[in-house]
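Asks: Chain residues, written in single-letter form:
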Amino acid sequence: MATTTERPTVEQIWAWLDDVPDPEIPMVSVVDLGIVREVEWREGEGGAHCLVTITPTYSGCPATEVIAQSIEEALRVHGVAVRLQNRISPAWTTDWISDAGRTKLRASGIAPPPARAAGDVAVIDISGLKRKGARGPAVVCPHCGSENTSVTSQFGSTACKALYRCNDCLDPFDYFKPH
Amino acid sequence: MAKNEDKLEYVLRLGDNALILSQRLSEWCGKGPAFEEDMALTNTALDLIGQARMWLSYAGELEGRGRDEDRLAFTRDAHEFRNLLLVEQPNGDYAATIARQFYFDTWHALALQGLMKSGDSRIAEIAEKSLKEVRYHVRRSADLVIRLGDGTEESHGRMQNALDDLWVYTGEMFLPDGRDALLASEGVVPDAETLREPWLKHLTEALAEATLKVPTGTWMHKGGKQGRHTEHLGYILAEMQFLQRAYPNAHW
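Taken in sequence, the protein lines are chains A and B.
Read left to right, the first sequence gives residues 1 to 179 (our numbering).
Read left to right, the second sequence gives residues 1 to 252 (our numbering).
Excised from the complex, chain A in its bound form (with noise of 0.2 Å):
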């Protein structure tokens, strides 16, 4: 078994990993944005395998397969026999994303998540909803720095963004939604 003491490290696929870009925020990496879950080393047939454990972010997510590609070609290009594996449980969240993943998303102009998506909110409630009575959090102009911002439309570019407005600086940004 030459090749076993060839292969690269765990910590070198990791690195590699690093570099592809998501395909719809190519500014963090699939590992920024905690898509890889797990990768590790397999002994099969026909010799090993790296075993790369990836979870979509939104089930309908367009760039889910791209992604895979882009793994898949990434490692090939350093010799790495790669298979990918799919995994839904536990369902991804904004929580993955990493402390240098938030500050990539800042500089170019997207407001990242709160550190801790709200999970334990009731499913309904529309007491953000009511004409008059408290807004939700504050979110932070990426641009600006400023707290008063509004929302334009829950939905933008990407499923995972809202489309928000500046009301200090008028510059209107992308807010990636806690999820």
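Don't read these hints as lab results, they were simulated from the structure.
Quick caveat: nothing in here was measured; it's all calculated off a predicted structure.
Hints are supplied without guarantee of correctness; some may be wrong.
Distance condition first, Cα-Cα at most 25 Å in a straight line; then the derived DMTMM-like pairs of lysine to aspartate or glutamate [to be verified]: (1) A:Lys104 to A:Glu11; (2) A:Lys177 to A:Asp18; (3) A:Lys177 to A:Asp95; (4) B:Lys117 to B:Glu172; (5) A:Lys177 to B:Glu125; (6) B:Lys222 to B:Asp177; (7) B:Lys213 to B:Asp150; (8) B:Lys117 to B:Glu9; (9) B:Lys201 to B:Glu172; (10) A:Lys177 to B:Asp38; (11) B:Lys213 to A:Asp125; (12) B:Lys201 to A:Asp125; (13) B:Lys31 to A:Asp174; (14) A:Lys177 to B:Glu128; (15) B:Lys222 to B:Asp164; (16) A:Lys177 to B:Glu37; (17) B:Lys117 to A:Asp125; (18) A:Lys177 to B:Glu36; (19) B:Lys3 to B:Asp120; (20) A:Lys177 to A:Asp19; (21) B:Lys213 to B:Asp93; (22) B:Lys213 to B:Glu153; (23) B:Lys31 to B:Glu231; (24) B:Lys31 to B:Glu154; (25) B:Lys201 to B:Asp177; (26) B:Lys31 to A:Glu24; (27) B:Lys3 to B:Glu69; (28) A:Lys104 to A:Glu147; (29) B:Lys213 to B:Glu154; (30) A:Lys104 to A:Asp168; (31) A:Lys177 to B:Asp143; (32) B:Lys213 to B:Glu193; (33) A:Lys104 to A:Glu65; (34) B:Lys117 to B:Glu5; (35) B:Lys3 to B:Glu125; (36) B:Lys117 to A:Asp95.
Go by the hints and put chain B onto chain A.
Replies: Below, chain B alone, put in the same frame as chain A:
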């Protein structure tokens, strides 16, 4: 004891609801009343098509006849579809689209919340994944009902008409048949009737905020879950299935 066939029927209902409503919403693509609305509806349609794929591929496995999600979506006839009559109703004006969505989303979120506790781990996983998306759907449709209801005289009138017109299709959501009851008794799915109270509570709250009235009629249509559909489903399938019917197994 519930049989595999009972579970298959139930999973088909979930998949067909998502598939048919997604197809309906897609008809708005490029025709939405505002740019933001166009994107919101098509994004909702996208979520639903993703959910339909997960349910229908599980249905294919349960059936065990080698049919995948595409075969189930594109080669079944109307009487083999198990979706609620509500989701196949035409888009109508924007109030009708929103009323349909509001009734469905509210039920959908409550049903998925129950399904997350299913004794069947596949059902629980798909429900968990779907509910994350449906939370936004519920919020959005309630928001629009409130905006249109508490809007102009014209939008208020249209919203109330749409709610009244579609009301007769809501009863089916809470009407269990033998299969539902059996699966519910074994902890695989939530009891259909128990969803009615929280559904009505949300409706009442949102409609009060919207200055609209909750319809009160008690006569309801039924049959979608058993494959007896309104005339609209055939037209949806004619369009949706044309390509795979005309060129079987086409890929591009």
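Asks: Confirm or reject each hint.
Replies: Hint-by-hint comparison with the structure:
1. A:Lys104 to A:Glu11: 22 Å, holds
2. A:Lys177 to A:Asp18: 22 Å, holds
3. A:Lys177 to A:Asp95: 11 Å, holds
4. B:Lys117 to B:Glu172: 22 Å, holds
5. A:Lys177 to B:Glu125: 21 Å, holds
6. B:Lys222 to B:Asp177: Measuring from Cα to Cα gives roughly 11 Å; hence the hint holds.
7. B:Lys213 to B:Asp150: Since the Cα atoms of Lys213 (chain B) and Asp150 (chain B) sit roughly 12 Å apart, the hinted pair holds (cutoff 25 Å).
8. B:Lys117 to B:Glu9: The given pair, whose Cα atoms are some 19 Å apart, holds under the 25 Å limit.
9. B:Lys201 to B:Glu172: 18 Å, holds
10. A:Lys177 to B:Asp38: 19 Å, holds
11. B:Lys213 to A:Asp125: At roughly 19 Å apart (the allowed maximum being 25 Å), Asp125 (chain A) and Lys213 (chain B) satisfy the hint.
12. B:Lys201 to A:Asp125: 11 Å, holds
13. B:Lys31 to A:Asp174: 23 Å, holds
14. A:Lys177 to B:Glu128: Roughly 17 Å between the alpha carbons, so the hint for Lys177 (chain A) and Glu128 (chain B) holds.
15. B:Lys222 to B:Asp164: With Cα atoms ~17 Å apart, Lys222 (chain B) and Asp164 (chain B) stay inside 25 Å; holds.
16. A:Lys177 to B:Glu37: With Cα atoms ~17 Å apart, Lys177 (chain A) and Glu37 (chain B) stay inside 25 Å; holds.
17. B:Lys117 to A:Asp125: Holds, because 21 Å separates the two Cα atoms, which is no more than 25 Å.
18. A:Lys177 to B:Glu36: 16 Å, holds
19. B:Lys3 to B:Asp120: 13 Å, holds
20. A:Lys177 to A:Asp19: Measuring from Cα to Cα gives roughly 24 Å; hence the hint holds.
21. B:Lys213 to B:Asp93: Measuring from Cα to Cα gives roughly 19 Å; hence the hint holds.
22. B:Lys213 to B:Glu153: 14 Å, holds
23. B:Lys31 to B:Glu231: 24 Å, holds
24. B:Lys31 to B:Glu154: 20 Å, holds
25. B:Lys201 to B:Asp177: Between Lys201 (chain B) and Asp177 (chain B) the Cα gap is close to 24 Å, so the pair holds against 25 Å.
26. B:Lys31 to A:Glu24: Given that 25 Å is the threshold and the Cα spacing comes to 24 Å, the pair holds.
27. B:Lys3 to B:Glu69: Roughly 21 Å separates the two Cα atoms, so the pair holds.
28. A:Lys104 to A:Glu147: Given that 25 Å is the threshold and the Cα spacing comes to 20 Å, the pair holds.
29. B:Lys213 to B:Glu154: With Cα atoms ~16 Å apart, Lys213 (chain B) and Glu154 (chain B) stay inside 25 Å; holds.
30. A:Lys104 to A:Asp168: Between Lys104 (chain A) and Asp168 (chain A) the Cα gap is close to 23 Å, so the pair holds against 25 Å.
31. A:Lys177 to B:Asp143: Holds: Lys177 (chain A) and Asp143 (chain B) sit about 17 Å apart, inside 25 Å.
32. B:Lys213 to B:Glu193: Holds, at roughly 23 Å.
33. A:Lys104 to A:Glu65: Roughly 23 Å between the alpha carbons, so the hint for Lys104 (chain A) and Glu65 (chain A) holds.
34. B:Lys117 to B:Glu5: Roughly 20 Å separates the two Cα atoms, so the pair holds.
35. B:Lys3 to B:Glu125: 21 Å, holds
36. B:Lys117 to A:Asp95: 22 Å, holds
In summary, the structure agrees with every hint in the numbered list given earlier.
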